[in-house]
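**Student:** Got chain F; can you put chain A on it based on the hints?
For the record, the sequence lines run as chains F and A. Okay, so the first sequence: first residue is 23 according to the working numbering, each after it adds one. Okay, so the second sequence: first residue is 46 according to the working numbering, each after it adds one.
Hints may be right or wrong, so weigh each one.
[Stated by the list, open to error] Dumping the calculated DSS-like pairs for lysine-lysine here, alpha-carbon to alpha-carbon at most 27 Å: (1) A:K145 / F:K309; (2) F:K222 / A:K147; (3) F:K265 / A:K145; (4) F:K176 / A:K198.
These are calculated hints, taken from the structure and not from any lab test. Quick caveat, the model's predicted, so the values are computed rather than measured.
Read off the chains here:
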Amino acid sequence: MTAPKGGNFGKVLEIDLSKQTYKTRPVSEEILQKYIGGRGLGAYYALTEYKAGKNPLDEDAFVFIGVGPMSGTMALSHRTCFVNKNPYTGNINHSECGAHLASEIKFAGWDGIYIKGRARKPVWLAIVNDKVEFKDASKMWGKTTETAHEMMIKEMKDPEIRTVVIGPAGENGVLYACLVVERFRAAARSDTGSVFGDKKLKGIAVRGTKYAVPVADNAKFLAAARVNKENNMRGEAWEGIKKWGTGGLMELKHFLHGSLITKNFQTTWYPDVVKIGGEEAMRTFWKRHAACTNCPTHCLKLGVIRSGKYAGLVAEGPEYESGGLLGTNLGMTKFDEMIALIEACDAYGLDNISTGGVLGFLTEAMEKGAIKPADLDGLKPKWDDGDTYMEMIRRIAYKEGKAGKFMAQGVARMSKQIGKGTEAYACTVKGRELAAHDPRGDKIRAYSYTMGTNGGDHHEGQGPQALGMTAMADSLVICSFTNFLLYGAGADKITTDMLNPLCGWDWKTEDYWTACKRIFTAERILLVREGVSSKDDRLPIRMYREKLPAGPRKDVVFTDADQKDMEAKTYGFFGWDAKGIPTEATLKAYGLDPFIDELNAAKKKYNL
Amino acid sequence: MEDKKLPDVLKKETSRRDFLRGTATAAGSAIAISAIGGIAPKKAEAQYSVQGVPGTKPYAQKYRFAERQNCTGCRSCEFACSLFHYGTARPALARIYIAKYKDIVDVPVMCWHCDDAPCIKACPTTPNSLTKDPKTNGIILNEKTCLGAKCMKCQEACPAKYIRGNPDTGQPLICDLCGGDPQCVKACMEQAGNPQGPCLQGRPLGIGVNMAFREVTPEQAGKDLANLLFYPNVEGKRVVPAKSKTRKGR
Chain F
23 MTAPKGGNFG
33 KVLEIDLSKQ
43 TYKTRPVSEE
53 ILQKYIGGRG
63 LGAYYALTEY
73 KAGKNPLDED
83 AFVFIGVGPM
93 SGTMALSHRT
103 CFVNKNPYTG
113 NINHSECGAH
123 LASEIKFAGW
133 DGIYIKGRAR
143 KPVWLAIVND
153 KVEFKDASKM
163 WGKTTETAHE
173 MMIKEMKDPE
183 IRTVVIGPAG
193 ENGVLYACLV
203 VERFRAAARS
213 DTGSVFGDKK
223 LKGIAVRGTK
233 YAVPVADNAK
243 FLAAARVNKE
253 NNMRGEAWEG
263 IKKWGTGGLM
273 ELKHFLHGSL
283 ITKNFQTTWY
293 PDVVKIGGEE
303 AMRTFWKRHA
313 ACTNCPTHCL
323 KLGVIRSGKY
333 AGLVAEGPEY
343 ESGGLLGTNL
353 GMTKFDEMIA
363 LIEACDAYGL
373 DNISTGGVLG
383 FLTEAMEKGA
393 IKPADLDGLK
403 PKWDDGDTYM
413 EMIRRIAYKE
423 GKAGKFMAQG
433 VARMSKQIGK
443 GTEAYACTVK
453 GRELAAHDPR
463 GDKIRAYSYT
473 MGTNGGDHHE
483 GQGPQALGMT
493 AMADSLVICS
503 FTNFLLYGAG
513 ADKITTDMLN
523 PLCGWDWKTE
533 DYWTACKRIF
543 TAERILLVRE
553 GVSSKDDRLP
563 IRMYREKLPA
573 GPRKDVVFTD
583 ADQKDMEAKT
593 YGFFGWDAKG
603 IPTEATLKAY
613 GLDPFIDELN
623 AAKKKYNL
Chain A
46 MEDKKLPDVL
56 KKETSRRDFL
66 RGTATAAGSA
76 IAISAIGGIA
86 PKKAEAQYSV
96 QGVPGTKPYA
106 QKYRFAERQN
116 CTGCRSCEFA
126 CSLFHYGTAR
136 PALARIYIAK
146 YKDIVDVPVM
156 CWHCDDAPCI
166 KACPTTPNSL
176 TKDPKTNGII
186 LNEKTCLGAK
196 CMKCQEACPA
206 KYIRGNPDTG
216 QPLICDLCGG
226 DPQCVKACME
236 QAGNPQGPCL
246 QGRPLGIGVN
256 MAFREVTPEQ
266 AGKDLANLLF
276 YPNVEGKRVV
286 PAKSKTRKGR
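So that you can see chain F by itself, here it is in the shape it has in the complex:
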């Protein structure tokens, strides 16, 4: 086992919550070169440690908090990756979010944090450099995310700590509970909140002052990092994101692309978007921009509501996804109420996207008569009814009453329970709600929704190449805004130029693509082990059946030809067969041969 030359320390912090102990788990250079870090390393751990059918809520199930070789360097990398087997979908899932947490983990001297076990009483972890303290979280238990975050800062007496916490939703085991990082950022699409809650882990605070990331060839690396940063500062591509965040996309996607979801995917035409979109936010809400570590793009916007019922509410957003799912998806026309819904989800620690999907689905089901107010403890959701939605969010977070428990299951399970034709408008892929891009208007987004490991995730890459590049970006762990969304396929050169001097590697651009495909295929093996194949790589029925009734993409529908084309291109690019199963030759080519037997066993078991 060789130690890494640069970029990584070669050690992951392994924490056992059951025994309240911690130790260093060494990672070899060979593994890091193959799986990079973050999402890739998480997939590797799942591949080698989990058997098929592993219960995600077992005591020894892990949550991997991954960072990459570039985190904490000058290379413009600031995201943190969370990997776990997900009780919501039953698959291995990953989610990423920005802020300063990743570099802090690096400065504390770790390449990642691997958490297993289950505490008897609620705990939170204080990680300061090499030391881990298990602290009592019984006072924090039940508190909203920002209160828990404040309490951690108070107890550590250090405002510079970076935190990740769960809210009441995670504690109560809501299946789509998220993690909230540093108060305003959320890692949600892996639903790690419920796993944290099951482990009785309220949160983690990290402070790193001791280490700097080792660099193999400093001068060369700084030059390459400088080129990347210059492009990001000068590139015209992100002028809009700098000014508007992703909130500005709401108008753009509505008026130009015709892909802004509206009222549970009924249409994409919603002229009232001007009342709740980016321009309204710019006029009446936003006050300042905030950035992740070392990033010139500062896409996070903070604002304050200045009048009305929610006057004085300091909140973040709307982003495209949160504004779409909790705004246009619910037919909202009042900006303040939408922001309050977004903020309530963040405070309770709920995934904005899944929560919006649940509320939208129930409203349509109520409209169509599939459910009655009696089924929801007297709640009667209807479009643009902010107060009822707020009450529903609260009941979900606390799983209050019959309705709360029912809604906390998510759209797929609710639809199955209700029946009555609701599956026609239950919009999920692989058991997860879709994000705010309607795949009929934005067909290339269907790659991300269907082919991505998470399913229903908007951020898995649009197109076969992008699927691979996202796998790489999430393993590195870098932001797609600063990488391949800026450079397109040219990201391979920029990335290898930075990686080679940083880690002392000798990568060519082909090696970049092999690593992309290896990581994505490794995750596919994990999915196939659970019985996933091409039959699951499909959009919700609504996308194939119902034409868009209005808007720039009027009468467009996602056809079977589109589906076939997408499958052929993706499976072909990664070297999988027509059913979406990686072939033996592919596994050998990517160095994944130890898993051939397992794959064959799964093929036999599920008759694929």
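**Tutor:** Only chain A this time, still in chain F's reference frame:
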């Protein structure tokens, strides 16, 4: 930068290309001047050159300013500082840092280069381990004579509560203005220049800021800034509907 030599101020004049890249930041600086001192921006521009603006002559650094509401909290100043002084990206060693206040505002905490320098007055060694460079106003630490963590009288004396200890040696981290060409200002100018203008700026004259800001601790500054930006909610609290009393634990 590589050999940690202080950059030659005059040599900078020849590398115009760097200056040309910074054109976009000129407007931001002009606004900042008018905001700070009430001096007519055009006259000030003509009289005192501005860093990063093409066609102006660089000067020896005297003071730095922070247009606090422009700070995005990206910490590029911290990275640039530690890279210049230690050749590595490690914000814990930076001589400027970003303090958070309730995570809704970011406050750049930096040395104001007070004219009377209470930190130097407080230094117990003879001769003082801290000295002021008369040309640039930078404060230079003599690492050989500094008593380090057991003393830190400078930290107590600092009116802005700016001085931190070096996590490795325990000695104070204090700003030397990079010999007249502060890297933090450069990094901020080019990085945060869009769309609201840069936060950090350097000028040869204090225009009153030096006295006005120095008594303000990071926490007070954060509170003030939150008040200023997020009025009417001074505490930055979230409004969350009250918890139901009937809920049961899991």
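**Student:** Each hint should be assessed against the structure and marked as holding or not.
**Tutor:** Quick rundown of the hints versus the structure:
For the hint pairing K145 (chain A) with K309 (chain F), the CA-to-CA distance comes to about 16 Å; that is within 27 Å, so the pair holds. For the suggested pair K222 (chain F) and K147 (chain A), the alpha carbons sit about 26 Å apart, so the restraint of at most 27 Å is met. The straight-line distance between the Cα atoms of K265 (chain F) and K145 (chain A) is roughly 22 Å, inside the 27 Å bound, and the hint therefore holds. In summary, the hint linking K176 (chain F) to K198 (chain A) is supported, as the alpha carbons are separated by about 26 Å, within the 27 Å threshold.
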